[in-house]
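Q: Going line by line, the protein sequences match chains R and H. The first sequence begins at 114 in my numbering and counts up by one. The second sequence begins at 114 in my numbering and counts up by one.
Treat the hints loosely; a few may be bogus.
Restraint-style ranges between C-beta atoms, simulated for each label pair [as the list claims (entries may be wrong)]:
{"#": "1", "chain 1": "H", "residue 1": "440", "chain 2": "R", "residue 2": "317", "range": "37 to 43 Å"}
{"#": "2", "chain 1": "R", "residue 1": "155", "chain 2": "H", "residue 2": "220", "range": "23 to 29 Å"}
{"#": "3", "chain 1": "R", "residue 1": "247", "chain 2": "H", "residue 2": "438", "range": "41 to 47 Å"}
{"#": "4", "chain 1": "H", "residue 1": "440", "chain 2": "R", "residue 2": "288", "range": "35 to 41 Å"}
{"#": "5", "chain 1": "R", "residue 1": "250", "chain 2": "H", "residue 2": "147", "range": "35 to 41 Å"}
{"#": "6", "chain 1": "R", "residue 1": "367", "chain 2": "H", "residue 2": "226", "range": "56 to 62 Å"}
{"#": "7", "chain 1": "H", "residue 1": "226", "chain 2": "R", "residue 2": "217", "range": "34 to 40 Å"}
{"#": "8", "chain 1": "R", "residue 1": "368", "chain 2": "H", "residue 2": "226", "range": "58 to 64 Å"}
{"#": "9", "chain 1": "R", "residue 1": "367", "chain 2": "H", "residue 2": "317", "range": "36 to 42 Å"}
{"#": "10", "chain 1": "R", "residue 1": "186", "chain 2": "H", "residue 2": "438", "range": "26 to 32 Å"}
{"#": "11", "chain 1": "H", "residue 1": "186", "chain 2": "R", "residue 2": "151", "range": "31 to 37 Å"}
{"#": "12", "chain 1": "R", "residue 1": "419", "chain 2": "H", "residue 2": "303", "range": "46 to 52 Å"}
{"#": "13", "chain 1": "H", "residue 1": "440", "chain 2": "R", "residue 2": "187", "range": "25 to 31 Å"}
{"#": "14", "chain 1": "R", "residue 1": "186", "chain 2": "H", "residue 2": "287", "range": "31 to 37 Å"}
Think of the hints as simulated: they come from the structure by calculation, not from any bench. Every residue gets a Cβ at the ideal spot worked out from N, C-alpha and C, and that includes glycine.
Protein chains: 2
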Amino acid sequence: MKRPAVRITDVAALAGVSAGTASKALNNTGQLSQETRARVQRAAAQLGFTPDARGRALSSGRTYTVALLTTDSSGRFSIPIMRGVEDVLSAGELATVLCDTRDDPLREQSYLRSLVARGVDGIVVTGRRTEPRPPIDVPLPVVYAMAASSDPSDASVLVDDAAGAAAAVTHLLELGRSRIAHITGPADHRSAIERAQAVAATTTLVGPPLFGEWSEQWGRQATDVVLRTHPAVDAISCGSDQIARGVCDRLRELGRDVPTEIAVTGYDDWPVMALASRPPLTSVDLRLEELGRRAAQLLLDAIAGRPHHGVLELPAVLIPRESTLGS
Amino acid sequence: MKRPAVRITDVAALAGVSAGTASKALNNTGQLSQETRARVQRAAAQLGFTPDARGRALSSGRTYTVALLTTDSSGRFSIPIMRGVEDVLSAGELATVLCDTRDDPLREQSYLRSLVARGVDGIVVTGRRTEPRPPIDVPLPVVYAMAASSDPSDASVLVDDAAGAAAAVTHLLELGRSRIAHITGPADHRSAIERAQAVAATTTLVGPPLFGEWSEQWGRQATDVVLRTHPAVDAISCGSDQIARGVCDRLRELGRDVPTEIAVTGYDDWPVMALASRPPLTSVDLRLEELGRRAAQLLLDAIAGRPHHGVLELPAVLIPRESTLGS
Numbered sequence: 114m115k116r117p118a119v120r121i122t123d124v125a126a127l128a129g130v131s132a133g134t135a136s137k138a139l140n141n142t143g144q145l146s147q148e149t150r151a152r153v154q155r156a157a158a159q160l161g162f163t164p165d166a167r168g169r170a171l172s173s174g175r176t177y178t179v180a181l182l183t184t185d186s187s188g189r190f191s192i193p194i195m196r197g198v199e200d201v202l203s204a205g206e207l208a209t210v211l212c213d214t215r216d217d218p219l220r221e222q223s224y225l226r227s228l229v230a231r232g233v234d235g236i237v238v239t240g241r242r243t244e245p246r247p248p249i250d251v252p253l254p255v256v257y258a259m260a261a262s263s264d265p266s267d268a269s270v271l272v273d274d275a276a277g278a279a280a281a282v283t284h285l286l287e288l289g290r291s292r293i294a295h296i297t298g299p300a301d302h303r304s305a306i307e308r309a310q311a312v313a314a315t316t317t318l319v320g321p322p323l324f325g326e327w328s329e330q331w332g333r334q335a336t337d338v339v340l341r342t343h344p345a346v347d348a349i350s351c352g353s354d355q356i357a358r359g360v361c362d363r364l365r366e367l368g369r370d371v372p373t374e375i376a377v378t379g380y381d382d383w384p385v386m387a388l389a390s391r392p393p394l395t396s397v398d399l400r401l402e403e404l405g406r407r408a409a410q411l412l413l414d415a416i417a418g419r420p421h422h423g424v425l426e427l428p429a430v431l432i433p434r435e436s437t438l439g440s
Numbered sequence: 114m115k116r117p118a119v120r121i122t123d124v125a126a127l128a129g130v131s132a133g134t135a136s137k138a139l140n141n142t143g144q145l146s147q148e149t150r151a152r153v154q155r156a157a158a159q160l161g162f163t164p165d166a167r168g169r170a171l172s173s174g175r176t177y178t179v180a181l182l183t184t185d186s187s188g189r190f191s192i193p194i195m196r197g198v199e200d201v202l203s204a205g206e207l208a209t210v211l212c213d214t215r216d217d218p219l220r221e222q223s224y225l226r227s228l229v230a231r232g233v234d235g236i237v238v239t240g241r242r243t244e245p246r247p248p249i250d251v252p253l254p255v256v257y258a259m260a261a262s263s264d265p266s267d268a269s270v271l272v273d274d275a276a277g278a279a280a281a282v283t284h285l286l287e288l289g290r291s292r293i294a295h296i297t298g299p300a301d302h303r304s305a306i307e308r309a310q311a312v313a314a315t316t317t318l319v320g321p322p323l324f325g326e327w328s329e330q331w332g333r334q335a336t337d338v339v340l341r342t343h344p345a346v347d348a349i350s351c352g353s354d355q356i357a358r359g360v361c362d363r364l365r366e367l368g369r370d371v372p373t374e375i376a377v378t379g380y381d382d383w384p385v386m387a388l389a390s391r392p393p394l395t396s397v398d399l400r401l402e403e404l405g406r407r408a409a410q411l412l413l414d415a416i417a418g419r420p421h422h423g424v425l426e427l428p429a430v431l432i433p434r435e436s437t438l439g440s
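This is chain R alone, in the form it adopts within the complex (with noise of 0.2 Å):
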């Protein structure tokens, strides 16, 4: 017997919700109500809708397929996007296509015009930096992660970068800590702008941030400077755990104590910096999965006609470890 494929956006339609909170539903995560979660698996069932997508495919002869589009050739933040990604859309049997652009315009474009020609349902966008990107020229439905589009009437998933950065900040003044630098990236990076911004709206720094960039070196390096113009400092708040990690290894050498002397906090909280840094390092996780997950939900959304608009800022969440609170 054959008949048309059912789809997650059938299931949604049927159970009068959008199509990421179907997803939600099938997919046992987010919060609904009890009531709307089994009304999405009576419409599901009532349909056919099931996870495994053999008789659909193959009934249907299509592929449903989404791709993430990114400049982040490492796959430090595209994996975890990715992953968040996945465990959205493979409850409603959507494949993800990650698409490498290594940060080449020519490659960007040869890649829309394939994922275009192929047919996928549609592309979220991120990348390793944070500033606003052009919105690309697809007739396919578009989500922004971690970098929004320029165009305000596209829909962008963003962490909150200065409500992270504050958080860190806070926790450093919660600990009696009142005498804090900032040492952090480049200068014209997005990013390193906004968490300077932050702390410097939630505190009164010792000095300017110390802009530099995001390396280790510059951390040792910034961390001589800062000692040299004030040496009561009490605490130094880092845009990055790779400057964070810098920065412990050079108060070490010179016989200054992590957290006792001076605190120090990441961002980041990327794993092989943030627990290899002695002490390990109090960060701030941007939880990209989670990131992925929503984009994942506005995407699905789209996909079946009813579009978001605007930028969504999720929260970054602190993580506590030694390099504040000691052993």
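Starting from the structure of chain R, add chain H where the hints point.
A: Quick look at chain H alone, frame taken from chain R:
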């Protein structure tokens, strides 16, 4: 005008070459004679094969897709391998889907059912460990990359770990070092065992290899053990860059100069470790992109009906830096 889609395997058949060779010719990679390259290009022109998929995909209503199935959730190994796979397949306008099994057998089974149902053209299987793995059971062409299939009639592409580890020790011997220790990862990891055996076969070590874990902390701890038991050691060969970075940190803390007193080698050439280390690490580059390219070429041949069998080992490449050469 509608006509059947021209695929790279059609071009290969007309030119009388394998699909892998056709891909290399159209991709301008590999070592091919000018005559072969020209013959493939003539065949492509004759059949109307174009690297722009639009016409083909639209006229055929079908998506050509290859899946990369991985257990490496960090993307540390799978992202460079995927980049290599894409290099080759994009010349034939095949899309690459990344499927992260999160090392969960049930999730792997679910992915495989879904990929078969979706009609993917072939699968590259990879992971974060080098242990041979049971073959996947699908009616599709499959190539194993980095970890071999336990069925010798399957096609597997591996890094020649033994030669890589031997190259690092040979480099130390050529620099005049003769009292060499080896610090590496867990004794039940094939990559640790293979590297340690190759090191011990290349030189007489000051003592048995020290097996521990893949961490900087273990590198620091094992350094103390080596210095206590073999105070005259003049080089430490390490099974990973993380271990080597820990070794360098500990030696610096003890006031022992690297490399003047003790030379250190890493393994993996992972930039975030090898370049951030003080001093930067001489390491062994696994050439994962090349591994991906070769796996994709073998897969193209298998898709074209010419499967390969057995294990192909690719050389790893020594990258000398300050941790052995000095500055």
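Q: None of the hints should be skipped; say for each whether it holds.
A: Evaluation of the provided hints:
1. H:440 to R:317: 37 to 43 Å: The hint (37 to 43 Å, Cβ to Cβ) holds, given that residue 440 (chain H) and residue 317 (chain R) are roughly 41 Å apart.
2. R:155 to H:220: 23 to 29 Å: Since the Cβ atoms of residue 155 (chain R) and residue 220 (chain H) sit about 27 Å apart, the hinted range of 23 to 29 Å holds.
3. R:247 to H:438: 41 to 47 Å: About 45 Å separates the Cβ atoms of residue 247 (chain R) and residue 438 (chain H), which means 41 to 47 Å holds.
4. H:440 to R:288: 35 to 41 Å: At roughly 40 Å between Cβ atoms, residue 288 (chain R) and residue 440 (chain H) fall inside 35 to 41 Å, so the hint holds.
5. R:250 to H:147: 35 to 41 Å: Hint holds: Cβ distance 39 Å, inside 35 to 41 Å.
6. R:367 to H:226: 56 to 62 Å: 58 Å, holds
7. H:226 to R:217: 34 to 40 Å: This hint holds: roughly 35 Å between Cβ atoms.
8. R:368 to H:226: 58 to 64 Å: With Cβ atoms ~59 Å apart, the hint holds.
9. R:367 to H:317: 36 to 42 Å: Given range 36 to 42 Å: holds, Cβ gap about 41 Å.
10. R:186 to H:438: 26 to 32 Å: Between residue 186 (chain R) and residue 438 (chain H), where Cβ atoms are some 28 Å apart, the hint holds.
11. H:186 to R:151: 31 to 37 Å: This hint holds: roughly 33 Å between Cβ atoms.
12. R:419 to H:303: 46 to 52 Å: For residue 303 (chain H) against residue 419 (chain R), whose Cβ atoms are near 50 Å apart, the range 46 to 52 Å holds.
13. H:440 to R:187: 25 to 31 Å: 27 Å, holds
14. R:186 to H:287: 31 to 37 Å: Distance hint for residue 186 (chain R), residue 287 (chain H) holds at roughly 34 Å.
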